[in-house]
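Trainee: Could you build all of it, start to finish, from the sequences and the hints given here?
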Amino acid sequence: MKKSFLFLAMIGMASLTRAEDLSSWKLPPVPVPRDNPQSAAKEALGHQLLFDNRLSKNDSMNCASCHLPATGGAGPTPRAFGHGGELGRWAPSWVNSGYYTSLFWDGRADSLEQQTGAMPEHMGPISAPGEMGGDVKEIVDRLNSIPGYKQEFEKAFGEGASGPNIAKAIASYERTLNATQSPFQRFVRGDKKAISASAKRGFAIFQGKGQCVICHTPPLLTDNAFHNIGVPQVGPLKEDLGRYEVTKKDEDKGRFKTPSLYNAGAFSFYMHDGAYSTLEQVVNHYNQGGNPNVKNQDPMINKLNLNAKEKDDLIAFLKTLTDPRLDRIAEPKLP
Numbered sequence: 001m002k003k004s005f006l007f008l009a010m011i012g013m014a015s016l017t018r019a020e021d022l023s024s025w026k027l028p029p030v031p032v033p034r035d036n037p038q039s040a041a042k043e044a045l046g047h048q049l050l051f052d053n054r055l056s057k058n059d060s061m062n063c064a065s066c067h068l069p070a071t072g073g074a075g076p077t078p079r080a081f082g083h084g085g086e087l088g089r090w091a092p093s094w095v096n097s098g099y100y101t102s103l104f105w106d107g108r109a110d111s112l113e114q115q116t117g118a119m120p121e122h123m124g125p126i127s128a129p130g131e132m133g134g135d136v137k138e139i140v141d142r143l144n145s146i147p148g149y150k151q152e153f154e155k156a157f158g159e160g161a162s163g164p165n166i167a168k169a170i171a172s173y174e175r176t177l178n179a180t181q182s183p184f185q186r187f188v189r190g191d192k193k194a195i196s197a198s199a200k201r202g203f204a205i206f207q208g209k210g211q212c213v214i215c216h217t218p219p220l221l222t223d224n225a226f227h228n229i230g231v232p233q234v235g236p237l238k239e240d241l242g243r244y245e246v247t248k249k250d251e252d253k254g255r256f257k258t259p260s261l262y263n264a265g266a267f268s269f270y271m272h273d274g275a276y277s278t279l280e281q282v283v284n285h286y287n288q289g290g291n292p293n294v295k296n297q298d299p300m301i302n303k304l305n306l307n308a309k310e311k312d313d314l315i316a317f318l319k320t321l322t323d324p325r326l327d328r329i330a331e332p333k334l335p
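Heads up: the sequence shown runs through residues 1 to 335, numbered per this note's numbering.
Please note: incorrect hints may appear among the correct ones.
[To be verified] Below are the DSSO-like pairs computed for lysine-lysine, each with C-alpha atoms no more than 30 Å apart in a straight line:
{"#": "1", "residue 1": "Lys295", "residue 2": "Lys209"}
{"#": "2", "residue 1": "Lys193", "residue 2": "Lys311"}
{"#": "3", "residue 1": "Lys155", "residue 2": "Lys137"}
{"#": "4", "residue 1": "Lys209", "residue 2": "Lys57"}
{"#": "5", "residue 1": "Lys209", "residue 2": "Lys311"}
[Claimed, not checked] DEER-style ranges, computed between Cβ atoms:
{"#": "6", "residue 1": "Glu154", "residue 2": "Lys238", "range": "41 to 51 Å"}
{"#": "7", "residue 1": "Gln151", "residue 2": "Gln281", "range": "44 to 54 Å"}
{"#": "8", "residue 1": "Glu159", "residue 2": "Val234", "range": "40 to 50 Å"}
{"#": "9", "residue 1": "Arg328", "residue 2": "Thr77", "range": "19 to 29 Å"}
{"#": "10", "residue 1": "Met123", "residue 2": "Asp312", "range": "38 to 48 Å"}
{"#": "11", "residue 1": "Ile214", "residue 2": "Asp312", "range": "16 to 26 Å"}
{"#": "12", "residue 1": "Lys155", "residue 2": "Pro33", "range": "36 to 46 Å"}
{"#": "13", "residue 1": "Gln151", "residue 2": "Pro324", "range": "32 to 42 Å"}
{"#": "14", "residue 1": "Gly130", "residue 2": "Arg328", "range": "25 to 35 Å"}
{"#": "15", "residue 1": "Asp312", "residue 2": "Pro332", "range": "30 to 40 Å"}
{"#": "16", "residue 1": "Ile214", "residue 2": "Gln281", "range": "18 to 28 Å"}
{"#": "17", "residue 1": "Asn305", "residue 2": "Asn58", "range": "46 to 56 Å"}
It should be emphasised that the hints constitute simulated quantities derived from the structure, not laboratory data. Backbone N, C-alpha and C fix where the C-beta goes; we use that ideal spot for every residue, glycine too.
Mentor: Listed below in structure tokens is the structure:
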């Protein structure tokens, strides 16, 4: 195992000294499904829908209520709140969500469109009774009765509002929320002054001794897979089986999706249940090897033996992943 750590460390240092190695860390164009091509009209409409309380029961909340721009597009509370009260999981960031191959902590949705809950036969935040609690048919009728929305749906889709069109507009906007202007992305594109010397050391640790790169792989900083990393169970749920609830495979008990780390420096909470509130706590969790007493903890989780300076450098690197533009998304004018 020590040999593998040394190899990772050597790879990390090589990435810092050979500019051509950094190309693998550049964010690529976001994938776009053939049946939902991007358009400015669709993106603008999706931006409005994300902030519109009229997509919820009793006009009480919107998507941005749980995915707050100022907290990195993630939850401002340890667990999300909806019409069912406190839910069991922290609301993950929407930053870079267009790169995910599955959505939700347990991966139960295959696309951003499905994730919205506006598509037929796909439960999600808009339609989930315990979350926004909206009735999609009633929402569609209401939006079509609003002249401004009717005009904007016609412009974006050539027809009025529908469940699929609501989902496609929201997904189109979410595919624009990519951290391409984060200091780290500027660094890998050639601006060597974009991040500090401490962050550069942290980048080497990220790839080497810290072993972060094993799951937070380049360029997306997620392997789009599921792992049990020994996170303590907190919140209203006594137990959360994670990916198991989707696959019913015993080996998936306690496994959750690897999130991208972009804009993590702005998050108020971390992990699937909001168990931690600082990057220091997150790094300490990994440094101590998670919790080996947790059944099904991934065998790749082991003690890292990072010293205080190495932990500080790693955190300095993680903070360079935040694109400040995405923390300042403004609420649009609604029809």
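Trainee: Work down the list of hints and note, for each, if the structure agrees.
Mentor: Hint by hint, here is what the structure shows:
no.: 1; hint: Lys295 <-> Lys209; in the structure: 25 Å, holds
no.: 2; hint: Lys193 <-> Lys311; in the structure: 21 Å, holds
no.: 3; hint: Lys155 <-> Lys137; in the structure: 21 Å, holds
no.: 4; hint: Lys209 <-> Lys57; in the structure: 49 Å, violated
no.: 5; hint: Lys209 <-> Lys311; in the structure: 11 Å, holds
no.: 6; hint: Glu154 <-> Lys238: 41 to 51 Å; in the structure: 49 Å, holds
no.: 7; hint: Gln151 <-> Gln281: 44 to 54 Å; in the structure: 48 Å, holds
no.: 8; hint: Glu159 <-> Val234: 40 to 50 Å; in the structure: 46 Å, holds
no.: 9; hint: Arg328 <-> Thr77: 19 to 29 Å; in the structure: 21 Å, holds
no.: 10; hint: Met123 <-> Asp312: 38 to 48 Å; in the structure: 43 Å, holds
no.: 11; hint: Ile214 <-> Asp312: 16 to 26 Å; in the structure: 21 Å, holds
no.: 12; hint: Lys155 <-> Pro33: 36 to 46 Å; in the structure: 20 Å, violated
no.: 13; hint: Gln151 <-> Pro324: 32 to 42 Å; in the structure: 33 Å, holds
no.: 14; hint: Gly130 <-> Arg328: 25 to 35 Å; in the structure: 30 Å, holds
no.: 15; hint: Asp312 <-> Pro332: 30 to 40 Å; in the structure: 39 Å, holds
no.: 16; hint: Ile214 <-> Gln281: 18 to 28 Å; in the structure: 20 Å, holds
no.: 17; hint: Asn305 <-> Asn58: 46 to 56 Å; in the structure: 52 Å, holds
Violated hints for the displayed structure, listed by number in ascending order: 4, 12.
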